[in-house]
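Listed below are the residues making up each chain.
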Amino acid sequence: MPPRFTPERVRYDRRYRTLDKYRFIVGFLAVPLAFYALFVISPFLQAIYYSFTDWSGGPVANFIGFDNYRKMWNDDRFWDSLRVSTLLLVVAPVVTLVLGMFFAYMITSGGRHRRGRAIAGVAGSSLYKVVYFFPQVLSVAIIAVVWGRVFNTNSGLINGGLDKIGINGPAWLGGDETLGLISLLIVISWSFVGFYVVLFSAAMGSVPQDIYEAALLDGAGRARTFFSVTLPLIWDAVRTGWIYMGIQALDTFAICLVMVPPHVLKVTPVFLYERFRDGQYGYATSIGVVLLVLSMAFSLIVMRVGNRDRIEY
Amino acid sequence: MTTTSTTAPRPSTSAAPRREKETGGALNVFSHAFLVLWVILAAGPLIWVALTAFRPSAEILSDPMGWPSSFHWENFSNAWNKANIGQYTLNSLIILAGSLTGTMLLGSMAAYVIARFTFPGNRVIFMLFAGGMMFPVILALVPLFAVMENFGLLDTRPGLMIAYIAYSLPFTTFFLTSFFRTLPTGVQEAAMVDGASHTRTFFQIMLPMAKPGLVSIGIFNFLGQWNQYLLPLLLNNEDEKSYVLPQGLASLAVSQGYRGDWGALFAGLTIAMVPVLVVYAVFQRQVQAGLTAGAIK
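Here the protein sequences line up with chains A and B, keeping their order. Going letter by letter, the first sequence gives residues 34 to 346 in my numbering. Going letter by letter, the second sequence gives residues 277 to 573 in my numbering.
In isolation and in its complexed conformation, chain A is listed as follows (with noise of 0.2 Å):
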């Protein structure tokens, strides 16, 4: 019984309180628990399971081994997809994490003896922190629908001002497979930067003024100070940012999808979601898991090329 229909004597007996606790907990988890079990963790389970079936989404799916797998080795839609996820997966981690470092290293530490420190950001450094972190408010939908405009080829904002200098833009998403990933390599960019300016500035906000202080006194230039001083220190960082944003690149849905038009090129997430569509069900799930696998072993990897010793201080 809850504790104000319960009689006072038992109410402190030990064992009551013990009911009482778990009687509690179980309440308080079941909820939660349940929603929790039955919509994220009982489809990834199924979802490699069905890799296994030739399920199209009826009630019956026959296990068919390995079928599936043997099937995306053949099936050349797949590996295109996956040459354009893979490019992403080492390029756009790259370009993202360099324009983020350095932003940030201009925001935290490009002014020099200002406010009297040794060591400050450059003047206006919040405004940029605020305005660069714009595309990581906004919906991934909506950011392929403005960019889809922006590189529309008649009537976008590149062309419409490559016009305006007599110079006629291609066609950035109308064929061309590199301009397309080029273009889709730009957004993921764009709306990631920001992100790792705030995350690098962070990092980089907790190294301790008066190393650089010392590292000034030895005559230390800008890009000395640096490579020899601030990435050392924040390399936690950088290392969990690059398989953050590796997996995130690898994941790529929404971009490609709303953005791109699908005979230019498509990521495998697009490539799975279409089989999906086709009621692939289980050629699709089969492309998850090895979507799966993939990010699983990026990050093993980035973690293995990018272990250094810790430095504390």
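Heads up, a few of these hints could be off.
[As the list claims (entries may be wrong)] Below, a sample of chain B positions facing chain A; criterion: calculated Cβ distance under 8 Å:
no.	residue
1	L313
2	V315
3	L337
4	W343
5	Y388
6	F393
7	F395
8	V418
9	L420
10	L445
11	H474
12	N503
13	L545
14	Q564
If you are wondering where the hints come from, they were derived from the structure by calculation, not from laboratory data. Quick reminder that beta carbons are idealized off the backbone N, C-alpha and C, glycines included.
Add chain B to chain A, keeping to what the hints say.
Positioned in the frame of chain A, the structure of chain B alone reads:
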């Protein structure tokens, strides 16, 4: 690894800053220019969309870079009424009202129990939630579709709310668990001694104390759920009238290609972007802290 030679500062301190200025000059200008350039790049497309929203469709097509010659407010009413942006906004608001409340309530309940009580399975449940943050949602999509269909939740508002809640729970619970752990135990014990039940202690004592944590994760979930595209695309794709805002705009971008009312599309995008950007500008510190904490678990 030696990072700096902090030990012996050289006596020639006066030379160093001067040299700094000389080498810094050109680099300085370049770096600052680049910072400013990125401001233009980051905000440019958004400002372009907002300006173009006031121009008639024909002008947009003939001169995409031009300024609005006169302000065409009817683009906004067209977007709101004819292109269903009003309906989409309403749908988003309804879904969010349910999903955000549910996420915060269920997430904080689970987190509180995990953080403050010892019971068998405590660690396992915590790991279960923490593990859910690492899997790509796209993998679960197809079976999730079937699960929703079996429960009769496909293409329904409660179904979408439940999906939002379920996929927000891992991070919400993880974040709030560590937050509840930091709260002092004394207050909780005092409440128990005074005869408050566990439930009452939670709602009247612990929840108000956890307010800063609830606000950060609340903003995080607000933006995440408001911007959601993948889940509605999968689970709420039957009736165009039930689309949420990002979904509606994506389909509008396709359909305006046929109808030719680009002004309405740009107005719709503006309607969708401006409120989020205003909320962000007001709470930018919390948003940045929340989102970066959200990504780096």
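Against the structure, the hints:
Using the Cβ-Cβ criterion of 8 Å, the hint placing L313 (chain B) at the interface with chain A is not satisfied: the shortest such distance is roughly 11 Å. A least Cβ separation of about 5 Å between V315 (chain B) and chain A falls short of the 8 Å threshold, and the interface hint therefore holds. Interface hint status for L337 (chain B): upheld, as the beta-carbon distance to the closest one in chain A is roughly 5 Å, under 8 Å. The restraint placing W343 (chain B) at the interface with chain A is violated, with a minimum CB-CB distance near 12 Å, outside the 8 Å limit.
The interface hint given for Y388 (chain B) is met, as the beta carbon of that residue sits about 7 Å from the closest beta carbon of chain A, less than 8 Å. The beta carbon of F393 (chain B) is positioned within 8 Å of a beta carbon in chain A (closest approach about 6 Å), and the interface hint is therefore held. Satisfaction of the interface hint for F395 (chain B) is found here, the shortest Cβ-Cβ separation to chain A being roughly 5 Å, below the 8 Å cut-off. The interface hint given for V418 (chain B) is met, as the beta carbon of that residue sits about 5 Å from the closest beta carbon of chain A, less than 8 Å.
Given hint, L420 (chain B) at the interface with chain A, holds; its Cβ is 4 Å from that chain's nearest Cβ, closer than 8 Å. Satisfaction of the interface hint for L445 (chain B) is found here, the shortest Cβ-Cβ separation to chain A being roughly 5 Å, below the 8 Å cut-off. Among the interface hints, the one on H474 (chain B) holds; its C-beta lies about 4 Å from the nearest C-beta in chain A, closer than the 8 Å criterion. For the restraint placing N503 (chain B) at the interface with chain A, the shortest Cβ-Cβ distance is roughly 3 Å, inside the 8 Å limit, so the hint holds.
With a cut of 8 Å, the hint placing L545 (chain B) at the interface with chain A holds, because the nearest CB-to-CB distance is about 6 Å. For Q564 (chain B), the interface hint holds, the least distance from its beta-carbon to any beta-carbon of chain A being 5 Å, beneath 8 Å.
The structure is inconsistent with the numbered hints 1 and 4, although it conforms to all the rest.
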